[in-house]
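S.K.: Take a look at the letters that make up each chain.
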Amino acid sequence: MNELRPPPSNTVPTETSDIATGPDDLDLVARSQAGDTTAFNELVTRYRNRAYAMIYNMVRNEQDAWDLAQDGFLKAWKSISRFRGQSSFYTWLYRILMNVTIDSLRRKQIEGGTEFDDQIGLHNIAPGASTAPKAELAPAERMSDKEVRQRIDEAIARLSPEHRTAIVMREIDGLEYTEIAEQMGCSLGTVMSRLFYARKKLQALLKDVYETI
Amino acid sequence: MKPFEEQFTAWVDGQLTGAELADFEKQLAEHPEAAAEKDGALKLGKLLREHPTVPPLGNPEFFNHQLMQRIAAETPRPVEKKRAFFWSLPRLAWAGAACLAITLALFQTTIPGGAKHIDKSNYFAQVVENWPGNPNVSASTVYSADDNVTVVWLDGLDYIPATYALNK
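Those protein sequences? They're chains A and B, same order as listed.
Residue numbering for the first sequence follows the numbering used here, beginning at 6 and increasing consecutively.
Residue numbering for the second sequence follows the numbering used here, beginning at 4 and increasing consecutively.
FYI, nobody ran anything at the bench for these hints, they're computed from the structure.
Any given hint might turn out to be false.
[What the hints assert, rightly or not] Only pairs whose alpha carbons sit at most 20 Å apart, straight line, appear in this in silico PhoX-like list of lysine-lysine:
#: 1; chain 1: B; residue 1: K29; chain 2: A; residue 2: K212
#: 2; chain 1: A; residue 1: K212; chain 2: B; residue 2: K41
#: 3; chain 1: B; residue 1: K29; chain 2: B; residue 2: K41
#: 4; chain 1: B; residue 1: K49; chain 2: A; residue 2: K212
#: 5; chain 1: B; residue 1: K5; chain 2: B; residue 2: K29
#: 6; chain 1: A; residue 1: K151; chain 2: B; residue 2: K5
#: 7; chain 1: A; residue 1: K212; chain 2: A; residue 2: K151
#: 8; chain 1: A; residue 1: K151; chain 2: B; residue 2: K49
#: 9; chain 1: B; residue 1: K5; chain 2: B; residue 2: K41
[Unchecked claim] Among the chain A residues that face chain B by a calculated CB cut under 7 Å, a handful are:
#: 10; residue: N54
#: 11; residue: D76
#: 12; residue: Y95
#: 13; residue: C191
#: 14; residue: G194
#: 15; residue: M197
#: 16; residue: S198
From the three backbone atoms N, C-alpha and C, an ideal C-beta is built for every residue, glycine too.
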């Protein structure tokens, strides 16, 4: 599979100084496969920030992101013997983290009886038609960074797990369609369709934000 | 042909080229709002990228520590060899057999066997049931196999009358 690209500038970088000076990932993986937990600990140190950021972008909650990152790394440790080096370690880890996160979002959706209304903002809108509601525009100077982030959090939280995953992978993690399809286990067409509706919905919810800042 | 949603997404992301792009742009002639939609989608992407909402991972060292503890707790430890109980079944069987052998050996060496005694002894003693006139008299016999002689021993008898003399 294609390697995941370096993280976009807005995401939390890997602890690159460790990578530059220490053994490479594959060495650490090999040692981890032999049961060396200190080697795995080193891998965790390298990727914990990226993992946490990626999960946080999905769940929008610090505690949940912490717990899911823990679960993801634990799962990676348990299945490290199955890593064959066909992709980079982070690509392999990314898939595990994403699956753990999507499973959690789905579970919460079922337990909480939450219905993600993907049609919000899409009623009576034909594909290609203007979707933005007549939102009251807040003056730019009145919307602080904190408020903008809060609005983004709230808007993303209203997406279904599938739409959220697609938009986060594309817009925040900067993945290509093929990579998203592979990570999500669906077709390219499904990815593009999910992106279409996720964007429509977010545009409906955030137009006043991006038009005024 | 791809559905409109897929083509529109590809168009927004600059993934349509050549004939595909030209065909789609012809379709868009019927959707004058499409350009604004694309512009909105691009602004949305910029907004998401430029306003990261991710707080820094708090206490990263504790993150590792907690994870390592979970790994230690969930990693199966190598099975420790159980300290074997000394009196295992085979050992008990062997010990029993040894005790039996010792007992038999002691019995054989310390307590004379009847048959063995008979084989080696030249004498055989037997109390003879008798009805003497004097209740103080008891009788016993001693037999010598070598001499083929039986001796009658009368205890408590003062004398033997001449008429009671035994003949060989």
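S.K.: Give a verdict on every hint.
M.R.: So, going through the hints one by one against the coordinates:
1. K29/B / K212/A: Cα-Cα ~27 Å, so violated.
2. K212/A / K41/B: 13 Å, holds
3. K29/B / K41/B: It holds: about 16 Å lies between the C-alpha atoms, which stays within 20 Å.
4. K49/B / K212/A: 12 Å, holds
5. K5/B / K29/B: Measuring from Cα to Cα gives roughly 15 Å; hence the hint holds.
6. K151/A / K5/B: 40 Å, violated
7. K212/A / K151/A: Measuring from Cα to Cα gives roughly 17 Å; hence the hint holds.
8. K151/A / K49/B: 17 Å, holds
9. K5/B / K41/B: Distance ~18 Å between K5/B and K41/B Cα, so the pair holds.
10. N54: Status holds, d = 5 Å.
11. D76: Result: violated, 9 Å to nearest chain B Cβ.
12. Y95: Y95/A check fails; min Cβ-Cβ to chain B is 16 Å, beyond 7 Å.
13. C191: At about 13 Å, which exceeds the 7 Å cut-off, the nearest Cβ of chain B leaves the hint on C191/A violated.
14. G194: With a closest approach of 5 Å, the G194/A hint holds.
15. M197: Since the shortest Cβ distance to chain B is 4 Å, the answer is holds.
16. S198: Given a least distance of 5 Å, the restraint on S198/A holds.
This entry does not satisfy hints 1, 6, 11, 12 and 13, going by the numbered hints stated previously.
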